[in-house]
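Listed in order, the protein sequences are those of chains A and B. First residue of the first sequence? That's 1 in full-length UniProt numbering, and the numbers climb one at a time after it. First residue of the second sequence? That's 1 in full-length UniProt numbering, and the numbers climb one at a time after it.
Rather than coming from a laboratory, the hints here were simulated on the basis of the structure. All figures in this text were calculated on a predicted structure; none of them were measured in a lab. The reader is advised that the hints may include incorrect statements.
[Claimed, not checked] Where chain A lies over chain B, by a calculated footprint (3+ residues, C-beta under 8 Å):
| no. | stretch |
| --- | --- |
| 1 | 277-285 |
| 2 | 311-322 |
| 3 | 424-432 |
[Claimed, not checked] In the BS3-like style, the derived pairs of lysine-lysine whose C-alpha atoms are separated by at most 27 Å in a straight line are:
| no. | chain 1 | residue 1 | chain 2 | residue 2 |
| --- | --- | --- | --- | --- |
| 4 | B | K94 | A | K220 |
| 5 | B | K212 | B | K239 |
| 6 | A | K73 | B | K84 |
| 7 | B | K133 | B | K351 |
| 8 | B | K94 | A | K209 |
| 9 | B | K303 | B | K283 |
| 10 | B | K84 | B | K303 |
| 11 | A | K76 | B | K133 |
| 12 | A | K164 | B | K440 |
| 13 | B | K239 | B | K314 |
| 14 | B | K133 | A | K73 |
| 15 | B | K303 | B | K365 |
| 16 | A | K76 | B | K429 |
| 17 | B | K67 | B | K56 |
| 18 | B | K45 | B | K303 |
| 19 | A | K164 | B | K444 |
| 20 | B | K206 | B | K283 |
| 21 | B | K133 | A | K220 |
| 22 | B | K94 | A | K73 |
| 23 | B | K365 | A | K76 |
| 24 | B | K426 | A | K73 |
| 25 | B | K84 | A | K220 |
| 26 | B | K335 | B | K312 |
| 27 | A | K164 | B | K435 |
Glycine included, each C-beta is placed from N, C-alpha and C at the ideal position.
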Amino acid sequence: METDQCTFYYKSKTVNSALSRTEWIQLKEVLSFHDWKLVTLALPKSCHLSSHQVTVSSSHICRLYDRFHALDKDDKGSLNRSDFQNISELAVNPLGDRIINAFFPDGMDLIDFNSFVRILARFRPVDQNPKKEPNAPEPINSRVNKLKFAFQLYDQDKDGKISKSELLQVLRMMVGVQVTEEQLESITDRTIQEADLDGDDAISFEEFKKSLDKVDIEHKMSIRFLR
Amino acid sequence: MGFFLFPFDSLICILLGISFTVWFTLLLVFIIVPAIFGVSLGIRKLYMKTLLKIFKWATLRIERGAKEKNHLLYKPYTNGIIAKEPMSLEEEIKEIRGSGSSKDLSSPEFEMSDIFYFCRKGVESIMDDEVTKRFSPEELESWNLLTRSNYNFQHISLRLTVLWGLGLLIRYCFLLPLRVTLAFTGVGLLVVGTTMVGILPNGRFKNFLSEKVHLMCYRICVRALTAIITYHDSENKPKNGGICVANHTSPIDVIILASDGCYAMVGQVHGGLMGIIQRSMVKACPHIWFERSEVKDRNLVAKRLSDHVEDKTKLPILIFPEGTCINNTSVMMFKKGSFEIGTTMYPVAIKYDPRFGDAFWNSSKFGMVSYLLRMMSSWAIVCSVWYLPPVTREEGEDAVQFANRVKSAIARQGGLVDLLWDGGLKREKVKGTFKEEQQKLYSKMLVGNPEDRSRS
Numbered sequence: 001m002e003t004d005q006c007t008f009y010y011k012s013k014t015v016n017s018a019l020s021r022t023e024w025i026q027l028k029e030v031l032s033f034h035d036w037k038l039v040t041l042a043l044p045k046s047c048h049l050s051s052h053q054v055t056v057s058s059s060h061i062c063r064l065y066d067r068f069h070a071l072d073k074d075d076k077g078s079l080n081r082s083d084f085q086n087i088s089e090l091a092v093n094p095l096g097d098r099i100i101n102a103f104f105p106d107g108m109d110l111i112d113f114n115s116f117v118r119i120l121a122r123f124r125p126v127d128q129n130p131k132k133e134p135n136a137p138e139p140i141n142s143r144v145n146k147l148k149f150a151f152q153l154y155d156q157d158k159d160g161k162i163s164k165s166e167l168l169q170v171l172r173m174m175v176g177v178q179v180t181e182e183q184l185e186s187i188t189d190r191t192i193q194e195a196d197l198d199g200d201d202a203i204s205f206e207e208f209k210k211s212l213d214k215v216d217i218e219h220k221m222s223i224r225f226l227r
Numbered sequence: 001m002g003f004f005l006f007p008f009d010s011l012i013c014i015l016l017g018i019s020f021t022v023w024f025t026l027l028l029v030f031i032i033v034p035a036i037f038g039v040s041l042g043i044r045k046l047y048m049k050t051l052l053k054i055f056k057w058a059t060l061r062i063e064r065g066a067k068e069k070n071h072l073l074y075k076p077y078t079n080g081i082i083a084k085e086p087m088s089l090e091e092e093i094k095e096i097r098g099s100g101s102s103k104d105l106s107s108p109e110f111e112m113s114d115i116f117y118f119c120r121k122g123v124e125s126i127m128d129d130e131v132t133k134r135f136s137p138e139e140l141e142s143w144n145l146l147t148r149s150n151y152n153f154q155h156i157s158l159r160l161t162v163l164w165g166l167g168l169l170i171r172y173c174f175l176l177p178l179r180v181t182l183a184f185t186g187v188g189l190l191v192v193g194t195t196m197v198g199i200l201p202n203g204r205f206k207n208f209l210s211e212k213v214h215l216m217c218y219r220i221c222v223r224a225l226t227a228i229i230t231y232h233d234s235e236n237k238p239k240n241g242g243i244c245v246a247n248h249t250s251p252i253d254v255i256i257l258a259s260d261g262c263y264a265m266v267g268q269v270h271g272g273l274m275g276i277i278q279r280s281m282v283k284a285c286p287h288i289w290f291e292r293s294e295v296k297d298r299n300l301v302a303k304r305l306s307d308h309v310e311d312k313t314k315l316p317i318l319i320f321p322e323g324t325c326i327n328n329t330s331v332m333m334f335k336k337g338s339f340e341i342g343t344t345m346y347p348v349a350i351k352y353d354p355r356f357g358d359a360f361w362n363s364s365k366f367g368m369v370s371y372l373l374r375m376m377s378s379w380a381i382v383c384s385v386w387y388l389p390p391v392t393r394e395e396g397e398d399a400v401q402f403a404n405r406v407k408s409a410i411a412r413q414g415g416l417v418d419l420l421w422d423g424g425l426k427r428e429k430v431k432g433t434f435k436e437e438q439q440k441l442y443s444k445m446l447v448g449n450p451e452d453r454s455r456s
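From just these sequences and the hints, can you work out the full model?
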């Protein structure tokens, strides 16, 4: 994979972001076209992304970089779990720890800016008029990918199924000590009964998707930037 | 060689001597004497107006420069960068369920889609939360020719650079030495003056003199920072036997309030220069200084404060209930200690104008000395002070509710955001108990109220 040095201007510093060309193309999918025409790219001469050369500082990428910088109190250039736990509103969220884990896949302990943006990109509002190219990959903020993000909050052992114990665990996190064990068990049993279609006493991703068919995920799992 | 330098030497000495005398006389006439009598010559207001015109010009130049190169300027967004919906937990989850479920919505139960609420709230707080941004200086919309607040370096033209260089020269070579001299004069006079007043026997004359000395020295210090202060509603100024509470942005708050009225200060005993100042101040009129060990004992603190307010001859106490410096865009939780004492509270709102110099003290980044140097090398400190009408605790209101009421009044007057979060979060992590509140709210949705359960 070739790595192009792409820079963008952030405040008074230039930020060198070493991404491969394909990653930059993916990142472009993250921003809407309006923002994309605003990113400063200083690409080396060997690069042939000439159509994307224009530019200026993207307000969204800059704001996210601002935020990344503010969270990175020790100026490491990357974030660890402790930096996330310092966010007070996240620390009082009952599912805070699970959400933090979603940012550190594959047992990694540090996250750099590119991965940070990529994960947050899932919460971009869905495009109203998607251009359907036949071989185009699923956009990162599609309904399916949003569902996958939520699914991984349930499915801790990543076996592709939500077992009864995993569901119980999440419920326990959300209610704390307010609800008895029997009540939680009965709720879990009923939920699995309703959603489980193939009778294996667990909820697979397809069953999960099906049970949430009518829920307005596009709206509820999207975060809009203020201009 | 030495021969030729000789006449020049004496010439230089004479020139230096004359310019020093002239400079010092100007200082005395235009700054120190008016400070002693509390009179203003209007120089600072004129200075402020000129600066504002220059800043506007500078910002236009930057914008023009950016447009020519077809770039977009980085504009900070202090009101939050994402759209948040102000719905409660219950309403939000009902909405999520409502769109997908065909079941009866009034019966409490669980849906797999409930997780979306917590998930989205969590990611929203990762992108933008209310607390983290309160501990760094406020970002400015237009540039004020200070390097520390510029975000668009690559768009500065030659003319603007020259202007900036001129500004640098003025600030560091003219204003800074002037201000440092004034600061030393002010502090020196305070120590000397209060010690001298301390020799007198207690009585009305001593109080009168102590007031005059304090006011004079604080006014000199105000000029040492070139602080341009506008006081509103002075009829509500704190009176003896009361407690004055204000929002806290920097140690300069004390100087700003104390140059308009006399207060009894509260604080920890320090060593060094601060210690000398504290010891001499206490000779002239009673202040409340605590030893480090006494600070932990809440009963002792409360007792000393109540003893002080009961004595009506003593000055009103000045307290900053937030306990730490916040960046002046919001007011954070007020600690309830001073609200339990049961006397009249005089709320004061202080709002700084960050265009001329940001007064926020980021104590994790700058020590006291470098902070003061930064203050003295900015253009000016401009602020507004509002004296709010006095309040007392009402029937059936506990200290925490009283504190929140006062806090809201201050936030409203100063145009600041009213937050319930603790200023202590600057250094510590939030307590786990707050999670319980959210869990309680959600459990109610799941299983209904505990009373309903016991009935059925």
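Going down the list of hints, with the structure as the test:
Judged by the Cβ-Cβ criterion of 8 Å, the stretch 277-285 of chain B is not covered by chain A as claimed, because only 0 of its residues qualify and three are needed. Counting residues of the stretch 311-322 of chain B whose CB lies closer than 8 Å to any CB of chain A gives 0, so the stated coverage by that chain is violated, three being the minimum. For the stretch 424-432 of chain B, the assignment as covered by chain A holds, since 4 residues bring a beta-carbon within under 8 Å of that chain's beta-carbons and 3 suffice. Taking the CA atoms of K94 of chain B and K220 of chain A, the gap is about 12 Å. The hint holds against a cut of 27 Å.
For a cut-off of 27 Å, the pair hint linking K212 of chain B to K239 of chain B stands: about 17 Å separates their Cα positions. This hinted pair checks out: K73 of chain A and K84 of chain B have alpha carbons roughly 25 Å apart, not beyond 27 Å. For the hint linking K133 of chain B to K351 of chain B, the alpha-carbon distance of about 17 Å falls within 27 Å, and the restraint holds. Straight-line distance between C-alpha atoms of K94 of chain B and K209 of chain A comes to about 19 Å, which keeps the hinted pair within the 27 Å bound.
As the CA atoms of K303 of chain B and K283 of chain B are separated by approximately 21 Å, the hinted pair is consistent with the 27 Å bound. The hinted pair formed by K84 of chain B and K303 of chain B fails the criterion: a straight-line CA distance of about 45 Å is larger than 27 Å. Restraint check for K76 of chain A and K133 of chain B: the C-alpha separation of about 19 Å stays at or below 27 Å, so the hint holds. Straight-line distance between C-alpha atoms of K164 of chain A and K440 of chain B comes to about 23 Å, which keeps the hinted pair within the 27 Å bound.
For a cut-off of 27 Å, the pair hint linking K239 of chain B to K314 of chain B stands: about 10 Å separates their Cα positions. With a C-alpha separation of about 12 Å, the suggested pair K133 of chain B and K73 of chain A falls inside the 27 Å cut-off, and the hint holds. Restraint check for K303 of chain B and K365 of chain B: the C-alpha separation of about 35 Å exceeds 27 Å, so the hint is violated. A hinted pair counts as satisfied when its Cα atoms are at most 27 Å apart, and K76 of chain A with K429 of chain B qualifies at roughly 20 Å.
For a cut-off of 27 Å, the pair hint linking K67 of chain B to K56 of chain B stands: about 17 Å separates their Cα positions. About 44 Å separates the Cα atoms of K45 of chain B and K303 of chain B, which puts this hinted pair outside 27 Å; it is violated. For the proposed pair K164 of chain A and K444 of chain B, the alpha carbon gap of about 22 Å is at most 27 Å, so the pair holds. Annotation: proposed proximity of K206 of chain B to K283 of chain B holds, straight-line Cα distance about 11 Å (limit 27 Å).
A C-alpha spacing of about 25 Å is found between K133 of chain B and K220 of chain A, which places the hinted pair at or below 27 Å, so the restraint holds. With a CA separation close to 38 Å, the supplied pair K94 of chain B and K73 of chain A exceeds the 27 Å bound. Between K365 of chain B and K76 of chain A, the direct Cα distance comes to roughly 16 Å. Compliance with the 27 Å bound is thereby established for this hinted pair. In summary, the hint linking K426 of chain B to K73 of chain A is supported, as the alpha carbons are separated by about 12 Å, within the 27 Å threshold.
Distance restraint check for K84 of chain B and K220 of chain A: the Cα-Cα separation of roughly 11 Å lies within the 27 Å cut-off, and the hinted pair is therefore satisfied. A C-alpha spacing of about 25 Å is found between K335 of chain B and K312 of chain B, which places the hinted pair at or below 27 Å, so the restraint holds. For the hint pairing K164 of chain A with K435 of chain B, the CA-to-CA distance comes to about 24 Å; that is within 27 Å, so the pair holds.
The structure shown violates the earlier hints numbered 1, 2, 10, 15, 18, 22.
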